[in-house]
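Visitor: Spelled out, the chains give:
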Amino acid sequence: MNTANRLAPYMFMAPAAVIMGLCLLYPLGYMIYGSFLDWNPSQSIGEADFVGFKNYINLFFDPAFRESLGVTLTFAVSVVIAELVIGVGLALLLDRNIRGMSLLRTLFILPMMIAPVVVGLMWRYMYHPTVGTFNRFLKSIGLEGVDWLGQNALLSVIIADIWQWTPFIFILSLAALQSLPRSALEAARIDGATNWQQIVYIKIPLMMPVLIVTALLRLIDAFKVLEVILVMTEGGPGLSTEIVALRISRTATEFRELGTAAAMSNYLLILLLLLTVAMFAFTRFQDARAARLARQVQEEG
Amino acid sequence: MLRSFKSAALGATAAIALATSAIAGPYDAYEGETLIVNFPAHPHFDAVMKILPEFTKETGIEVEVDQLPYLKMRERQTLELAQDEGEYDLIAYVVFSKADYVYANQLENLARYFMNPKLADPSYDADDLIDGYVYNIGFAGGNKGYLEGKTGSLYGIPYGSETSILGYRKDIFEKHGLEVPETYDEMLEIACKIPELEPGMGGLSSRAASGHHASHAFLLHLAPLGGRVFDDQWTPIVNNAAGVQAAEALKTIVDCGPEGAASFGFGEALGSFLNGDTAMFLDTTVVAGQINDPKKSQVVGKVGWAMHPMGVRRGSQTGGFGIGIPANAENKDAAFLLMQWLTSKKGDKLVALAGGNPSRFSTHADADVNAKFPHMATFGEALQHADPDWRPIIPVWGKINADLGTTLSKVLTEGLDVQTALDGVAERTKAVMEEAGYYTWQ
Chain A
1 MNTANRLAPY MFMAPAAVIM GLCLLYPLGY MIYGSFLDWN PSQSIGEADF VGFKNYINLF
61 FDPAFRESLG VTLTFAVSVV IAELVIGVGL ALLLDRNIRG MSLLRTLFIL PMMIAPVVVG
121 LMWRYMYHPT VGTFNRFLKS IGLEGVDWLG QNALLSVIIA DIWQWTPFIF ILSLAALQSL
181 PRSALEAARI DGATNWQQIV YIKIPLMMPV LIVTALLRLI DAFKVLEVIL VMTEGGPGLS
241 TEIVALRISR TATEFRELGT AAAMSNYLLI LLLLLTVAMF AFTRFQDARA ARLARQVQEE
301 G
Chain B
302 MLRSFKSAAL GATAAIALAT SAIAGPYDAY EGETLIVNFP AHPHFDAVMK ILPEFTKETG
362 IEVEVDQLPY LKMRERQTLE LAQDEGEYDL IAYVVFSKAD YVYANQLENL ARYFMNPKLA
422 DPSYDADDLI DGYVYNIGFA GGNKGYLEGK TGSLYGIPYG SETSILGYRK DIFEKHGLEV
482 PETYDEMLEI ACKIPELEPG MGGLSSRAAS GHHASHAFLL HLAPLGGRVF DDQWTPIVNN
542 AAGVQAAEAL KTIVDCGPEG AASFGFGEAL GSFLNGDTAM FLDTTVVAGQ INDPKKSQVV
602 GKVGWAMHPM GVRRGSQTGG FGIGIPANAE NKDAAFLLMQ WLTSKKGDKL VALAGGNPSR
662 FSTHADADVN AKFPHMATFG EALQHADPDW RPIIPVWGKI NADLGTTLSK VLTEGLDVQT
722 ALDGVAERTK AVMEEAGYYT WQ
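Residue numbers (my numbering), protein chains in the order written: chain A, 1 to 301; chain B, 302 to 743.
Think of the hints as simulated: they come from the structure by calculation, not from any bench. Ideal placement from N, C-alpha and C gives every residue a C-beta, glycine not left out. Possibly wrong hints are sitting among the right ones.
[To be verified] One side of the interface only, derived from the structure: several residues of chain B facing chain A at Cβ under 10 Å:
1) 562
2) 672
3) 704
4) 708
5) 710
All chains should be modelled from the sequences, with the hints used to inform the complete structure.
Guide: Written out as structure tokens, the structure is:
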């Protein structure tokens with residue numbers, strides 16, 4: 001009877017665990033196994049030759065892959081920093097009772113809801129050298145047109161991503177701002193803190209845990225962005241906008257090297273895993289710090 | 302009495318059966334069957350959709366078409382052809398896929414169908430099919446593995462194939478007294494003269510975007526200028542004098558082209574010509590329909606056609622699609638009948654009149670087709686020089702092509718030196734070829 005009782009929770013968990021194992025671990029294992037093979041899409045996985053770590057080693061010394069990795073890092077870090085600055089700035093500006101705020105908020109998050117392929121197409125046409133919105137505007141005010149998707153491709157892609165994903169940071173920052181303890185802000189105001197001082201010394205430090213998690217989520221997402229860049233530049237000119245996700249896709253479909261594509265995905269997975277671990281470690285560190293402070297306050301009290 | 306009646310009746314039945322089988326049409330055995338075919342979303346196959354009801358009416362064979370964007374089509378086929386039993390009876394494939402599918406034993410060799418008297422139509426006239434297209438798209442196992450040769454055989458038939466042609470603005474050329482370019486030197490000279498004569502207008506619109514586009518544009522010039530990607534021993538020679546000349550030609554075209562030309566894919570290059578922003582367009586014949594369509598083009602009636610200019614030789618590109626029967630197809634014989642009907646003289650003319658790309662010399666010379674599409678005669682002439690070896694069709698080409706395209710893009714946008722760029726491509730290509738086993742016999 002006791003044994004049955006002890007086993008009961010595991011029995012209830014079993015179906016979920018089995019499904020999770022099948023749905024999560026099997027494809028992951030398949031990909032990891034595939035990364036050790038010389039495998040083209042016309043072969044079944046059983047027909048492919050086992051090549052050990054060859055794909056990983058080749059990639060490590062492949063200048064094109066390293067360039068892609070560099071582009072990915074530049075892209076991800078730039079967009080996250082820019083989106084954080086603009087998103088938090090907007091949230092600070094709009095954290096007040098304005099009429100029609102809910103409508104404004106919905107409008108702000110619209111870009112996030114648009115399918116990435118559509119975003120890519122839209123920006124590609126707006127960047128068009130002759131008929132695009134930007135160059136037509138620049139020319140109408142007497143300025144020279146800019147070679148957006150040629151000389152400035154990475155910047156153009158970064159701008160499009162900022163446009164689409166700043167609302168994500170904005171909406172989370174606004175929620176964080178609105179849940180800040182009013183008492184701290186009131187106390188600061190009574191003590192004569194200016195608006196700027198309130199932002200720098202109270203609001204931002206209190207929002208920090210949310211901001212860190214948001215930034216990490218965006219960073220993870222930015223590493224995997226594919227469609228917008230694929231539609232806008234196809235990775236060009238040269239390899240200047242070929243981020244790793246795009247290179248993985250091209251390696252699998254154009255080069256027909258599934259093993260190498262799987263190895264590349266695993267490199268990306270390891271990188272993302274490190275970021276995720278860092279995110280969890282940071283939140284745990286924050287919790288521990290908060291608990292320690294609370295204890296100190298209690299002890300002093 | 303009864304016995305003799307019975308035997309007479311049996312005899313009569315047998316005679317009727319025999320007579321019926323003697324006059325049975327080639328399609329009777331397949332009447333009522335449904336073929337599932339996979340075609341790309343492409344102007345030629347849009348025209349094919351219009352003529353398929355005619356096939357069903359004539360043969361009683363139903364055709365269900367799964368039409369997909371062509372990159373999606375390739376992905377789907379890669380999955381489908383690897384199954385034991387496939388969904389498709391007939392597929393259209395891009396020329397690149399020939400190497401992959403034949404090498405993986407996924408396409409039927411067509412010999413046994415053309416040998417079968419019940420299936421092969423004696424009036425098919427295979428010699429009328431355009432040579433360059435047949436060897437480029439249908440042939441495998443010949444010289445270099447992908448060309449015409451004594452060891453090769455047929456795995457597909459060109460259908461929706463294309464070659465390159467020069468489109469030019471008749472009005473602009475007449476206005477400035479320009480001659481239609483016959484050679485590369487003339488074409489490049491005019492391309493750079495146009496922006497001076499018509500401010501705001503580009504000389505020639507070309508694909509140039511990183512990857513496949515830039516590589517395609519370069520190879521378009523490489524063959525007529527006397528170059529090749531490999532020599533007969535598979536040594537990369539893309540960096541020789543002809544290669545450098547071809548890359549420089551591409552750079553000149555882009556520099557004298559419309560604004561932003563360095564980032565143009567096929568769509569932008571064509572769009573720029575359709576909008577009247579460029580005076581010339583050197584690319585595939587498939588665009589003729591759009592250029593004459595007032596809904597899509599602002600240059601209707603203003604465009605003249607000429608052969609792809611000559612360098613040291615004539616050499617227009619060969620590309621587009623072919624049709625073949627998957628090895629795992631369910632209704633192979635009926636699929637062959639459809640394939641034969643579509644590519645027959647009759648089918649080819651029907652599809653040409655519906656706006657498709659014909660695959661036969663006779664269709665290009667046909668009076669009805671020429672009356673409807675006057676450019677067809679020039680296209681037919683260009684086809685005499687269609688070069689099946691303008692780019693190699695080998696399994697590792699995808700990787701080499703991508704490297705060539707991204708490196709050329711650096712030449713066009715980042716000012717990388719042409720010789721250095723092509724030397725790098727040759728070196729990396731050699732490594733790819735070595736790994737793929739092309740130097741095993743050296």
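Visitor: Can you name, in rising order, the numbers of the hints this structure does not satisfy?
Guide: Violated hint (a single one): 2; every other hint is consistent with the structure.
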